[in-house]
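Chain order of the listed sequences is A and B. Each residue of the first sequence is one higher than the one before, counting from 1 in the working numbering. Each residue of the second sequence is one higher than the one before, counting from 1 in the working numbering.
One or more hints might be untrue.
From the structure, some residues in chain B lie toward chain A, with a derived Cβ separation under 8 angstroms [stated by the list, open to error]:
1) K41
2) A109
3) L110
It should be emphasised that the hints constitute simulated quantities derived from the structure, not laboratory data. Glycine included, each C-beta is placed from N, C-alpha and C at the ideal position.
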Amino acid sequence: MLSFIIRRFISAILVLFAISVMVFLIFFATPGVDPAARIAGRSASPAVVAAVRAAFGLNRPLPIRYLLMMDHLFIKHDLTSYVNPNTPVIPQILHAAPVTLSLVVGAAVIWLIVGVLGGVIAAANRGKFIDPLIMFAGIAAVSVPAYWLGEVVNYFTQSKFHSSVFSWVPASGYVPIQQNPWQWALHLFFPWLTLAALYAGIYARVLRAELVNALNEDYVRTARAKGLSERRILMRHALRCSLISIVSLFGLDFGALIGGAALLTEVVMGLPGVGQLTYNSLQDLDLPVIMGCVMYAAFFVVLANAVVDVLYAVLDPRVRVA
Amino acid sequence: MPDEPVATDAVLSVRDLKVSFATRQGELRAVDGLSFDVGAKEVLGIVGESGSGKSVAMYSMLGLVRDSNVTISGSVRFEGREILGLSDKEMEGIRGGDVGMIFQDPMTALTPVYTVGWQIVEQIRAHSDMTKAQAMARAVELLGEVGIPNPASRVHQYPHEFSGGMRQRVVIAMALSCNPKLLIADEPTTALDVTTQAQILDLMEKLQQSYGSSIVIITHDMGVIAEMADRVVVMYAGRPCEIGPEIDVVRRPRHPYTWGLLGAVPRVDSKNQRLVTIPGTSVSPLDVPEGCAFAPRCEYKMALCDQRPELHGPRDHQDACWLSDEQRVAIRSAPVGEAS
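Isolated chain A (complex conformation) (with noise of 0.2 angstroms):
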């Protein structure tokens, strides 16, 4: 189990490294691009273009301003933006990360426990008259946009029910958890709805499907042939071999959400996180914010890969021995 661990992780680094070497190579070796005149800004001399080609080492060849960048981006954080030649690229990303991070990590216990407690009561009541419901509940929050529902939530939060029910609804944006722990939930509260919503309706459909199968399989009537209650039958079985398929899923939804997929819902509730960084430079063309945000990104996306492969292997026993 350990080594299956140290090899998942030792092969997650070298991914990383690819993808480094890629964003690298897309961002700064295409032909065309001069990335020395974009760093020294519009209208820059060419004395001042030549002065910073010489300063990256963008004269020297492939391998090495690939390592001279890194050095940038990862050792020094002295890699500064196109667009705001005063704001450095990591200090930016380090700064929206933990509002992303608290975003998506309140959002995914919400729709964990929703979509499981849902798939599961929906699953037990097969054939009964909650089962649909529970069911048209999850389409409904699948079909909803985050940023429609955001907007509707934020119009009658802050606007026309402000006043009134919602009163205790702070204005958006984001309060740090080490500032504030009470503010920063209650700040937070909408935007995990908004972003929860979405992935508890997936979930409930997808592990009601994932339970209904289980419970048909031959091990859930040799079960209840073993004399087992129903629900020992339903949680210790049929959930347990399950979660095996929630569990893969919801790594890469987590990953993703905080490599900055929840973009939507942060820039429709105003939060400073990643998603909004990476859109922002996007819109700019800010090549050395985009290529820190796509690293940062990678790097949470192979992480939970990397998570959910090792917890696989410790939900299903199958899996160990490869």
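Based on these hints, arrange chain B on the given structure of chain A.
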């Protein structure tokens, strides 16, 4: 038949069991009027082709048919107590405790994510107040009894680490873990290769003697019946067509369907002979004829066969066929290629 007094020593008494499913194409009668008794320490074989309703009959008795469109009627008495229609809660003590089950496909019968020991312990603890450690010790003992080498270490392995035959041994160990009075084995050897089949049958016979359980063994293999069973029920299209002691049914079969089944057992001593088959295919359970279910495939069909024959005959060897004894003697003495 349904009013026949229940034999006092019977562990399991089934009377006029009917199982049908409401489907879009109409009512599907999977089991239609099955009655039998299983005495203490008796091995009853239920034999029939695929789709003859033998497995459904057993599953419906224990409430293991979960289809909401099913209708089950009749009477199933376990040790004199009616168990048909009991709630899941009431059945929990019977399933796995007094009645153990062995399934057809050992590859899928165990939950893949738990060790075999965990699964045996789970069953033991569901039916007794043993501690985990005691139950685990019992699980090791059971695995040893069913012939698994190094049971103390293998008890901590997962189902996928066992071969098919070894998994079936685990399933048998689990079925026996609570000293059941009745063991229901649903085609326990069908999914195994031939040498393993023989080993599993030997094991079941041995364990039956040491545990003293009654066994109902479901199979489509007359060889398994000949090896294991004391008495036999031959089923066709959900109906019993012959019932009697194993020796009588195998040596002196009375129903044309049984003749066909026995004729279909390949023999070692008759070389260069084509396998004998029963002509035609099994009737669809959606349109079983009103009369004799086997009539459409029967060589000896008569006008009378449009009416449904009831089981009749000598006290312990009965069959559902309109042929008279004289006709049967004439047919059986004619030189046709049936076995024995």
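Checked hints:
no., hint, verdict
1, K41, "violated (22 angstroms)"
2, A109, "holds (5 angstroms)"
3, L110, "holds (6 angstroms)"
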